[in-house]
Amino acid sequence: MLESRLVTTLSAFDQGDRRAAARLISLVENGGPQAEEVLHRLYPRLGRVPRIGITGPPGVGKSTLVDTLIRHHRQNDLRVGVVAVDPSSPFSGGAVLGDRVRMGDLATDPGVFIRSMATRGSLGGLARATKDVADVLEAFGHDILIIETVGVGQTEMDIAAAADTVVVVVSPESGDSIQAMKAGLMEVADVLVVNKADRPAAGQMMRTLEADLHLRPAAPWTPPVVATIASRGEGVAELTDAVSRHYDHLQESGTLEERRLDRARTEIAAILDDRLRQHAHQRLADQLAPWAELVVQGEATPYSAARSLLAALLEEHS
Amino acid sequence: MSDAKSLTASLYTRPDDNDKHVTVSGREISPLVTPDDVADLDYQQDLGNPGEYPYTRGVHASMYRGKVWTMRQFAGFGTAEQTNERYRFLMGRGQTGLSVAFDLPTLMGRDSDDEWSLGEVGKCGVAISSLQDMETLFDGIPLADISTSMTINSPAAIIWAMYIAAAERQGADIAKLRGTLQNDILKEFIAQKEFIFPPEPSMKLVTDTIEFGTREMPQFNTISISGYHIREAGSTAVQELAFTLADGFAYVDHAIAAGLDVDEFAPRLSFFFNSHLDLFEEIAKFRAARRIWARHMKDRYKAKNPRSWLLRFHTQTAGCSLTAQQPHLNIVRTAYEALAGVLGGTQSLHTNSMDEALALPSEESVEIALRTQQILAHEIGVASTTDPLAGSYFVEKLTSEMEAGAEEYFTRINEAGGVVPALEEGFFQREIADAAHWYQMALERKQRVVVGVNEYVNPDEKQAMPLLHIDKDVARKQNEKLAALRERRSTETHGAALTRIEQTARDGGNLMPAFVEAVKADATLGEIIETLKTVYGEYVEPIII
Amino acid sequence: MERAIRVLVAKAGLDGHDRGAKVVARALRDAGMEVIYTGIRQTPAMIAEAAVQEDVDAVGLSLLSGAHMHIFPEVLKLMREKGAGDILLTGGGCINDTDMAELAEQGVGALFGPGASTGAIVEYIREEIGRRRAEEDSA
Numbered sequence: 001m002l003e004s005r006l007v008t009t010l011s012a013f014d015q016g017d018r019r020a021a022a023r024l025i026s027l028v029e030n031g032g033p034q035a036e037e038v039l040h041r042l043y044p045r046l047g048r049v050p051r052i053g054i055t056g057p058p059g060v061g062k063s064t065l066v067d068t069l070i071r072h073h074r075q076n077d078l079r080v081g082v083v084a085v086d087p088s089s090p091f092s093g094g095a096v097l098g099d100r101v102r103m104g105d106l107a108t109d110p111g112v113f114i115r116s117m118a119t120r121g122s123l124g125g126l127a128r129a130t131k132d133v134a135d136v137l138e139a140f141g142h143d144i145l146i147i148e149t150v151g152v153g154q155t156e157m158d159i160a161a162a163a164d165t166v167v168v169v170v171s172p173e174s175g176d177s178i179q180a181m182k183a184g185l186m187e188v189a190d191v192l193v194v195n196k197a198d199r200p201a202a203g204q205m206m207r208t209l210e211a212d213l214h215l216r217p218a219a220p221w222t223p224p225v226v227a228t229i230a231s232r233g234e235g236v237a238e239l240t241d242a243v244s245r246h247y248d249h250l251q252e253s254g255t256l257e258e259r260r261l262d263r264a265r266t267e268i269a270a271i272l273d274d275r276l277r278q279h280a281h282q283r284l285a286d287q288l289a290p291w292a293e294l295v296v297q298g299e300a301t302p303y304s305a306a307r308s309l310l311a312a313l314l315e316e317h318s
Numbered sequence: 001m002s003d004a005k006s007l008t009a010s011l012y013t014r015p016d017d018n019d020k021h022v023t024v025s026g027r028e029i030s031p032l033v034t035p036d037d038v039a040d041l042d043y044q045q046d047l048g049n050p051g052e053y054p055y056t057r058g059v060h061a062s063m064y065r066g067k068v069w070t071m072r073q074f075a076g077f078g079t080a081e082q083t084n085e086r087y088r089f090l091m092g093r094g095q096t097g098l099s100v101a102f103d104l105p106t107l108m109g110r111d112s113d114d115e116w117s118l119g120e121v122g123k124c125g126v127a128i129s130s131l132q133d134m135e136t137l138f139d140g141i142p143l144a145d146i147s148t149s150m151t152i153n154s155p156a157a158i159i160w161a162m163y164i165a166a167a168e169r170q171g172a173d174i175a176k177l178r179g180t181l182q183n184d185i186l187k188e189f190i191a192q193k194e195f196i197f198p199p200e201p202s203m204k205l206v207t208d209t210i211e212f213g214t215r216e217m218p219q220f221n222t223i224s225i226s227g228y229h230i231r232e233a234g235s236t237a238v239q240e241l242a243f244t245l246a247d248g249f250a251y252v253d254h255a256i257a258a259g260l261d262v263d264e265f266a267p268r269l270s271f272f273f274n275s276h277l278d279l280f281e282e283i284a285k286f287r288a289a290r291r292i293w294a295r296h297m298k299d300r301y302k303a304k305n306p307r308s309w310l311l312r313f314h315t316q317t318a319g320c321s322l323t324a325q326q327p328h329l330n331i332v333r334t335a336y337e338a339l340a341g342v343l344g345g346t347q348s349l350h351t352n353s354m355d356e357a358l359a360l361p362s363e364e365s366v367e368i369a370l371r372t373q374q375i376l377a378h379e380i381g382v383a384s385t386t387d388p389l390a391g392s393y394f395v396e397k398l399t400s401e402m403e404a405g406a407e408e409y410f411t412r413i414n415e416a417g418g419v420v421p422a423l424e425e426g427f428f429q430r431e432i433a434d435a436a437h438w439y440q441m442a443l444e445r446k447q448r449v450v451v452g453v454n455e456y457v458n459p460d461e462k463q464a465m466p467l468l469h470i471d472k473d474v475a476r477k478q479n480e481k482l483a484a485l486r487e488r489r490s491t492e493t494h495g496a497a498l499t500r501i502e503q504t505a506r507d508g509g510n511l512m513p514a515f516v517e518a519v520k521a522d523a524t525l526g527e528i529i530e531t532l533k534t535v536y537g538e539y540v541e542p543i544i545i
Numbered sequence: 001m002e003r004a005i006r007v008l009v010a011k012a013g014l015d016g017h018d019r020g021a022k023v024v025a026r027a028l029r030d031a032g033m034e035v036i037y038t039g040i041r042q043t044p045a046m047i048a049e050a051a052v053q054e055d056v057d058a059v060g061l062s063l064l065s066g067a068h069m070h071i072f073p074e075v076l077k078l079m080r081e082k083g084a085g086d087i088l089l090t091g092g093g094c095i096n097d098t099d100m101a102e103l104a105e106q107g108v109g110a111l112f113g114p115g116a117s118t119g120a121i122v123e124y125i126r127e128e129i130g131r132r133r134a135e136e137d138s139a
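Residue numbers (our numbering), protein chains in the order written: chain A, 1 to 318; chain B, 1 to 545; chain C, 1 to 139.
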């Protein structure tokens with residue numbers, strides 16, 4: 001059941017109200033039953049729009065690249081939704097989200113919607129939240145979605161995995177690029193970009209990457225390596241071409257279908273997980289403390305405690 | 001003597017949060033310095049007499065006895081007419097040099113009637129969109145007879161072209177014109193953010209002006225390599241020193257790469273520093289600056305002309321030290337800061353007015369600021385001897401430490417590939433943001449006291465000082481002038497002039513003659529900048545918080 | 001968990017002196033807020049639109065240029081037109097008390113002039129947003 005306030009918001013959303021869209025994004029970012037209800041209602045509208053993940057080490061020019069990508073797509077009259085994810089401070093929980101700086105004047109383009117998200121120290125919930133935000137943007141009526149994340153870590157890779165095409169961006173000089181390669185980011189890459197390709201070390205980096213790719217076992221898709229100079233808008237056409245070729249490949253090879261099935265399975269499982277956990281905690285919350293006492297006194301172990309609690313819960317339902 | 005606590009030479013000292021014995025830059029202050037601490041100091045090598053290499057003690061033998069520093073109050077607001085009045089007022093009160101403050105639209109290369117100029121025309125400085133405005137600005141002021149400093153950066157070459165054309169129309173011999181063009185684009189990328197084009201074409205514009213000045217206007221300082229703004233952005237004194245000089249070296253490198261001989265242009269490079277609250281840190285900074293520059297110019301760049309080794313500078317007292325609370329106290333702060341500038345051997349000086357935390361100076365407050373300098377020159381005795389603090393154990397030690405600190409930064413900048421790569425990567429910006437953050441936190445935990453603000457507060461204080469108000473009609477008047485200008489000018493000459501600029505920019509030739517022609521054809525500042533944007537593009541900076 | 005407070009921090013107009021804006025952005029982050037930092041050269045239109053897209057609780061403008069009597073009302077107007085008049089509009093810079101009072105009359109929140117502490121700014125935003133959220137929840 002959707003709260004009446006949200007019914008109004010959803011209705012405004014359906015009519016293209018951007019404030020409503022932003023509010024629904026906040027709702028799903030924060031999660032909860034109302035968020036789920038909204039996502040449930042929006043679900044039928046999804047699945048038609050390519051999602052491009054752009055990731056890579058800090059400082060390689062991702063935001064500038066995203067900016068040029070957006071402009072390129074806008075020239076073809078495509079509406080672009082962007083989610084830009086930046087890390088929250090582990091100390092304060094706060095964050096400075098600065099990706100908009102690079103996309104400044106696009107703010108007033110009605111065909112572009114940019115949303116900045118903080119990782120919020122999440123333990124895996126981030127990939128889901130990012131996907132949910134992308135879902136809202138897709139349902140709002142964008143033709144292409146870009147999800148930008150920074151880093152070389154597992155979280156970024158999870159987010160990237162939610163995209164149809166993952167673009168990994170490196171730049172010639174940063175040693176971080178090498179780290180990226182070692183951290184497994186290369187494995188998730190569907191397209192590799194060497195930005196700041198006007199730097200002297202660019203040629204060498206491209207050759208290194210291509211050589212690495214050659215060493216891999218043969219696969220239906222080999223990531224192309226594209227050179228860009230994002231600050232000058234150079235190489236962007238080649239990049240969008242590589243991305244759309246990948247998307248075509250996904251469709252033709254049936255991989256897109258496979259991934260969708262996979263994702264549906266994972267999503268059902270994740271939502272189920274959440275629901276079950278919430279339910280269990282609700283039902284058993286007041287029994288945790290006494291059991292903990294018993295464990296500390298040596299009269300039970302956490303394992304026997306959990307077994308007993310589960311048995312009690314299942315008994316309730318039978 | 002072993003009781004003396006020695007200063008750490010580390011630049012990145014993060015003193016104990018309760019230690020109040022730190023400068024405004026966060027540097028620990030020694031309680032006592034003794035002869036042992038400066039045992040290695042050599043008078044000939046490290047100090048020299050004033051007017052002698054390495055110029056630690058001053059650039060001229062006679063310094064202020066020969067000629068008192070120029071009293072040059074940075075001024076400008078509203079229309080050219082209104083600022084012209086303020087210039088005459090200041091000259092009447094005894095100022096000895098002119099200094100032009102332009103409004104934000106002008107600083108950003110936009111005409112007063114540009115959509116971005118809404119609400120900004122004449123607010124921070126004078127609105128100058130055309131040669132006509134420039135002529136009005138100096139109406140009745142013979143440019144041949146007074147040195148004029150212009151604080152303008154991205155559009156500097158064009159504003160200079162207007163100044164040159166205005167002076168010509170006054171009948172001046174341009175080869176004899178004296179003054180300074182700030183024209184320091186590197187510090188814009190680093191600190192003040194008034195950039196327009198990317199670094200490469202921006203540097204090219206600077207080199208064009210240096211080249212033109214070297215050939216046509218040998219008495220004009222074509223650049224004022226600035227630390228003031230870097231300091232105002234929150235840097236430490238050592239950072240101000242190091243980043244300014246690094247910028248200076250970058251300009252030298254660029255000019256040499258453009259084919260100029262170092263001894264041709266170096267004598268006309270000038271500098272501009274902040275004079276902040278910590279008296280001795282500032283004095284040491286100024287002395288170290290002269291010594292560092294002299295050493296690098298002679299030993300590294302192999303300049304032969306002794307005038308190439310001289311670091312001449314203008315000083316402005318620290319704007320960021322001014323308070324809105326108990327504003328009369330700013331007179332006191334400014335006086336101390338001015339003293340530091342003079343004891344540090346500055347060539348010219350601007351003193352801030354007490355109301356500047358909230359507004360541009362009123363007539364009353366700028367008069368007091370000017371009189372502050374006059375008292376310093378005539379009543380305090382500091383103008384009758386040169387570099388009186390030389391030989392002080394404390395000051396000499398501090399001077400050497402500032403130099404060492406700067407050299408450490410030079411190494412790091414070189415490792416980053418030089419000034420331009422470092423600023424594109426955000427190196428300077430990060431250092432400055434960290435220093436600014438430290439300072440604010442130091443204030444909030446009361447490690448730093450600011451009288452009237454976090455201590456000795458008057459709780460019922462009300463803002464009572466009458467503040468300068470910018471006439472509401474400035475924008476309208478400018479719009480009318482611009483409309484009339486566009487009406488009366490010749491479309492052909494105007495169009496041809498802009499075409500010439502575009503062509504020259506594409507070909508890489510020196511743009512100064514084309515700028516002068518264009519301003520005489522009544523091209524506006526905005527039109528010229530827009531033309532350049534089509535060739536050079538616009539710059540977006542890296543995000544550093 | 002308490003919903004994160006999101007604040008847009010921007011320098012409006014042509015002025016690029018961003019020392020204060022950056023120090024405030026850091027302080028807000030250190031206080032656990034999410035700061036959408038848009039940097040320099042933001043027009044009122046860009047600010048209002050970004051505020052909507054980012055669904056911020058507050059917009060903080062830094063103005064040292066003397067253009068505040070033009071910029072603040074313009075941003076407020078545009079936010080209201082977009083149905084975002086309920087977003088707190090705050091900020092600081094070289095703004096005198098008289099102008100602050102005038103802007104408050106028009107619906108701008110508290111403004112922080114020279115000498116203000118980041119602690120005071122953080123507290124103000126927390127309290128004000130807390131108050132507004134409580135009102136919204138009980139409505």
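What the hints contain is simulated information worked out from the structure, not anything from laboratory work. We put the beta carbon where it would ideally sit given N, CA and C, even for glycine. Worth double-checking, as some hints may not be accurate.
[Unchecked claim] Think about it this way: if two alpha-carbon atoms lie no more than 30 Å apart in a straight line, the pair counts; the simulated DSSO-like pairs of lysine-lysine are: (1) K477(B) - K446(B); (2) K533(B) - K477(B); (3) K446(B) - K397(B); (4) K77(C) - K477(B); (5) K204(B) - K477(B); (6) K77(C) - K67(B).
[Unchecked claim] Calculated from the model, a selection of chain B residues having no Cβ within reach of chain C, i.e. all distances over 10 Å: (7) H60; (8) Q192; (9) T323; (10) Q463; (11) D471.
Hint check results:
{"no.": "1", "hint": "K477(B) - K446(B)", "in the structure": "violated (48 Å)"}
{"no.": "2", "hint": "K533(B) - K477(B)", "in the structure": "holds (27 Å)"}
{"no.": "3", "hint": "K446(B) - K397(B)", "in the structure": "holds (28 Å)"}
{"no.": "4", "hint": "K77(C) - K477(B)", "in the structure": "holds (26 Å)"}
{"no.": "5", "hint": "K204(B) - K477(B)", "in the structure": "violated (35 Å)"}
{"no.": "6", "hint": "K77(C) - K67(B)", "in the structure": "violated (56 Å)"}
{"no.": "7", "hint": "H60", "in the structure": "holds (34 Å)"}
{"no.": "8", "hint": "Q192", "in the structure": "violated (6 Å)"}
{"no.": "9", "hint": "T323", "in the structure": "violated (6 Å)"}
{"no.": "10", "hint": "Q463", "in the structure": "violated (5 Å)"}
{"no.": "11", "hint": "D471", "in the structure": "holds (12 Å)"}
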